[in-house]
Amino acid sequence: MKSVVIAGYARSPFAFAHKGELTKVRPDDLLARVFAALVERTGLKTDDIEDVIVGCSFPEGEQGLNVARSIAFLAKLPQTAAATTVNRYCGSSMQSIHQAAGAIQMGAGEVFLCGGVESMTRVPIMGFNPMPNPALKESYPEAYCSMGITAENVARKYAISRAEQEALAVASHAKAAEAQAAGRMADEIVGIQTPAGLIDKDGCIRPGTNADSLSGLKPAFTADGTVTAGTSSPLTDGAAAVLVTTEEYARANGLPILAKIRSVAVAGCAPELMGLGPVPATRKALARAGLSINDIDIIEINEAFSSQAIACMRDLDIDPSRINPDGGALALGHPLGATGARITGKAAALLKREGKQFALATQCIGGGQGIATILEAV
Amino acid sequence: MKIERAAVIGAGVMGAGIAAHFANAGIPCVLLDIAAKEGADRSAIAKGAVAKLLKTDPAPLMHPRNAKLITPGNLEDDLNLLADVDWIVEAIVENPAIKADLYKRIDPVRKAGSVVSSNTSTIPLAVLTEGQGEQFRRDFLITHFFNPPRYMRLLEIVGGADTRADALAAIADVCDRRLGKGVVHCKDTPGFIANRIGVFWIQAAVNAAVDLGLTVEEADAVGGRPMGIPKTGIFGLMDLVGLDLMPHIAKSMSATLPTNDAYRGQMREHPVITRMIAEGYTGRKGKGGFYRINKAGGGKVKESVDLQTGEYAPSEKARLDSVSSAGRDLRKLCEHPDKGGLFARRVLAQTLAYAASLVPEIADSIVAVDEGMRLGYNWKQGPFELIDRLGTDWFAELCRSEGIPVPALVETAAGRPFYRVEGGKLQHLTTAGVYDTVVRPDGVLLLSDIKRAAGKPVWKNGSASLWDIGDGVLCVEFTSKMNAVDADIMAAYEKAMRLIGDGKGDWKALVIHNEADNFSVGANLGLALFALNIGLWPQIEEMVEGGQRTYRALKYAPFPVVAAPSGMALGGGCEILLHSDHVQAHAETYVGLVEVGVGLIPAWGGCTEMLARHQANPKAPRGPMPGIAKAFEIISTATVAKSAAEAKELLYFRATDGITMNRDRLLADAKAKALELAADYSAPEKSTSYVLPGPSAKAAMELAVEGFALQGKVTPHDTVVCAALAEVLSGGEEADISKPVGEDHILRLEREAFMGLVRTVGTIDRIEHMLLTGKPLRN
Chain A
1 MKSVVIAGYA RSPFAFAHKG ELTKVRPDDL LARVFAALVE RTGLKTDDIE DVIVGCSFPE
61 GEQGLNVARS IAFLAKLPQT AAATTVNRYC GSSMQSIHQA AGAIQMGAGE VFLCGGVESM
121 TRVPIMGFNP MPNPALKESY PEAYCSMGIT AENVARKYAI SRAEQEALAV ASHAKAAEAQ
181 AAGRMADEIV GIQTPAGLID KDGCIRPGTN ADSLSGLKPA FTADGTVTAG TSSPLTDGAA
241 AVLVTTEEYA RANGLPILAK IRSVAVAGCA PELMGLGPVP ATRKALARAG LSINDIDIIE
301 INEAFSSQAI ACMRDLDIDP SRINPDGGAL ALGHPLGATG ARITGKAAAL LKREGKQFAL
361 ATQCIGGGQG IATILEAV
Chain B
1 MKIERAAVIG AGVMGAGIAA HFANAGIPCV LLDIAAKEGA DRSAIAKGAV AKLLKTDPAP
61 LMHPRNAKLI TPGNLEDDLN LLADVDWIVE AIVENPAIKA DLYKRIDPVR KAGSVVSSNT
121 STIPLAVLTE GQGEQFRRDF LITHFFNPPR YMRLLEIVGG ADTRADALAA IADVCDRRLG
181 KGVVHCKDTP GFIANRIGVF WIQAAVNAAV DLGLTVEEAD AVGGRPMGIP KTGIFGLMDL
241 VGLDLMPHIA KSMSATLPTN DAYRGQMREH PVITRMIAEG YTGRKGKGGF YRINKAGGGK
301 VKESVDLQTG EYAPSEKARL DSVSSAGRDL RKLCEHPDKG GLFARRVLAQ TLAYAASLVP
361 EIADSIVAVD EGMRLGYNWK QGPFELIDRL GTDWFAELCR SEGIPVPALV ETAAGRPFYR
421 VEGGKLQHLT TAGVYDTVVR PDGVLLLSDI KRAAGKPVWK NGSASLWDIG DGVLCVEFTS
481 KMNAVDADIM AAYEKAMRLI GDGKGDWKAL VIHNEADNFS VGANLGLALF ALNIGLWPQI
541 EEMVEGGQRT YRALKYAPFP VVAAPSGMAL GGGCEILLHS DHVQAHAETY VGLVEVGVGL
601 IPAWGGCTEM LARHQANPKA PRGPMPGIAK AFEIISTATV AKSAAEAKEL LYFRATDGIT
661 MNRDRLLADA KAKALELAAD YSAPEKSTSY VLPGPSAKAA MELAVEGFAL QGKVTPHDTV
721 VCAALAEVLS GGEEADISKP VGEDHILRLE REAFMGLVRT VGTIDRIEHM LLTGKPLRN
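Chains as they are written, first to last, in UniProt numbering: chain A, 1 to 378; chain B, 1 to 779.
Everything labelled a hint here was simulated from the structure, so no lab data went into it.
Values in this document were obtained by computation on a predicted structure and should not be read as measured data.
By construction, the Cβ of each residue, glycine as well, lies at the ideal position given by its N, Cα and C atoms.
It is possible that part of the hints are untrue.
[Unchecked claim] Straight-line Cα separation of at most 30 angstroms, DSSO-like style, residue types lysine-lysine; simulated pairs:
| no. | chain 1 | residue 1 | chain 2 | residue 2 |
| --- | --- | --- | --- | --- |
| 1 | A | K19 | B | K68 |
| 2 | B | K295 | A | K218 |
| 3 | B | K52 | A | K24 |
| 4 | A | K24 | B | K648 |
| 5 | A | K24 | B | K302 |
| 6 | B | K52 | A | K218 |
| 7 | A | K19 | B | K295 |
[To be verified] Among chain B residues calculated to face chain A with C-beta under 10 angstroms, some are:
| no. | residue |
| --- | --- |
| 8 | K37 |
| 9 | A40 |
| 10 | P58 |
| 11 | A59 |
| 12 | P621 |
| 13 | M625 |
| 14 | P626 |
| 15 | A697 |
| 16 | L703 |
| 17 | L710 |
| 18 | P716 |
| 19 | I737 |
| 20 | P740 |
| 21 | G742 |
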């Protein structure tokens, strides 16, 4: 096995869709700017790039036409670098990293620029032309279960109270606000030029979020439910990028190695309980790495919804205090295609920053899947 | 002179509202207020006012984007912005010294030849111009808007002795054509026309209600509808404008009115009202007014104040024999011996006599006074029209019996009416005692004038008339109750089509227009329910299919059809607009396909037309779904556009459809457009290419509805209606993106969906509930 490493991570600020600071920015421009900055920061020799792999959940409209190729051109990457767009919904950009690692392992290239983007302002969730298969809807309606309902289902199945869900959201905002105030996000964020000026701070974090401010919100998905807008990740615009290469290449070219990829996994689960996807995916990845959850020092678990994150922590036996040290998606936002690259890159960066040995990045995926990556310090 | 840019100084409710209305008219407007003393942004006050415009309901802006036409600023740093504007409206505090100071500050910076006007409601022009330079006095006048400026049609305009005639004319013209106001020329007297009479009327009515022992419900029941006054009546109106305003007005009026003015005799402080104001019961803006909604204990109980004790008690519907037995007969109401009759007598005698005594003091003619009260206080008829309803002789007698001096003008009338029709023309009595023809402003064409002149229509039936509006243009006027669409209206269209033929004979074009408050509230539900209850399914099917046939025939007729709506155009009344070649809409047109409210879907081609428009919308993303989804969203939520501008955005109107700001100019604009189209007319081509995904589109819409149902936003019967609508908009079972369908296919789906829904209990319950209560049933 080759040693595949993450040798760079950067992202745009994340901002509320429809009302945030990035609504006027095209998604291809957004990720192109992040790629360009990552190249500049790492000093990567772009002629060596084998492939540009971009994750996106709704690759149509401004995210269509193999957006990875457009982004590569916009980022002024050489024509010789190929480009592909991948879709595994919320797991898309973690998938882009897995794809790169797999290709490297089989000798199909050495340097991969991975990442993901989603403008949930400019391309609506479900896309512009949703046309579900009527026969599938009839025979297996769970296949099209909406995300909010899956969060309610998980909350009910695991008897996760509204207060417990809100406590996770409060903690997520507090950690993110603290990290932002202490300048711990600045390294990873690439400032984005918008018609209204330079945006270089996350826009979704609400410092001071507390139990009181959340308890007044109405249930968002069912009239008698427990999941609210406050315990769901917001619709978000954002992009993230990760440089994947071999340890050998990184050392030879002086790239800043953050971590190596120890194991990866994907797994399917019930679509109406899609939030549980991280459980089987993480178990597989741990088994492949020959590790147990207690060996993991840093855990980045995507907070698509409080309820599913809590359920996953219960099943995987993770203490909530161990996750997402700089806040999670409840506070930062969840631009679907970009989140996988963010949490994987963040986990790698945290390993390095904290001087720890093992990290886990995992997330749930609409339609009933999970994806997980285990990283190790080099 | 041309008015291209304007400015408003004073960003209070009136100033901001006037600025918003300039923006509605497409006139860029500077809005200045004093510089904020705190905070970094010195223009915060004006900016805050603009932000508030976007949140106020009813909306001062006809479209949110209009806010961009308003440039906020402050009087310290931004006076230079005035250098570019042609008209500056001052709408600051009613204090002559502060106004004079402001005028001195703006005079040196304003553009040469620009006009300055004050929105004062009480201060005479002579006082305002005192001590100002000669050029300023020449450029100065009063433009008095009513609140809210977008919705109230009256604009009182007052020129002074020094005011340039061309300035007065230019402002009157821009107010009329661009702002859509009914411009009434007034003399420079306190309260001008509407408030002078309106304030007297309110005071007289309150006094009479207290003295005669009427409850507020009773006073409003007599003083509202029976007198042709909005049903809010007097006390409801005071709740709306604020009880605390009355003492201010009384004070200001008493300072400026002639010493012998009759208002002085009416001025009176009522201890109950004084106490209400002191305790914060100032009306809807306060804790409550003469009426309030008591939400104590989680309930919602409408309560009214006892005028004698000041205590609230649950409102009781007024039961007065005078009101129920008099009907629309105003004289009978006044002759009735109960307290309602006594109240009507006293209020009408005092108010109308006061109004009659003020001509020519406040305006040159009775026409201006009537117009002022109609447009400024929403009276159906002005004071002189009301006197005509009573008869001038009878009214003189009424004055005598009430101990009021008979006004000179009533004496002059000597039994003759104030208005008469002579040679088809409306004439009014002058102060000289002779009749003059009522002259409409240049370019105004009123159907009522045409009708008066013609005497009888070209053709008519029980629900519609056809009128010759000149130059070969025929006009369909609805005459049914609330202009509900029924078989007779369809018959009128058919008759019009037969008369016009190929459009090459005597008739060239058709205009659909009427002067009622609402263009049409939709199909006649009462008739439909009757047929439903006795299971006349074939007749119902024929009603649907016949309507489709007629609307299609109008759409593809060999002559142009121009619709000219104002007010509400709902359901079947909206669908006729969708089938017209051109809509020339009054800016205040509220259009929507609201059928789902009664458990139905639009089936006179409304779905078909909305689908066509939204699928062809160049601004929407490509593919079959965005257009379907938008049409589904609009129809399934019964979205009603709150202005003609908004109707364009929803594609109820096309980009090419026209908007007329002044309702009185609507018919002329529509007729001109009809003639323009007739000059080289060819009917539209029949659309054959709807690309519809069928079941997969329906599945997508159903998924959306299921999500809303789980959120509790969709009722069980909504789900049934939405499924029927989704069936139509998706193209139905057989549709597929590989084989485009024609409009006949969708029209058939409309009929099938409609016939399916009318057989459901949920829909029948909704129709019954709507007919009984006027409100939609959420079953």
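Failing hints, ascending? Structure breaks hints 5, 7, 8, 9, 10, 11, 18, 20 and 21.
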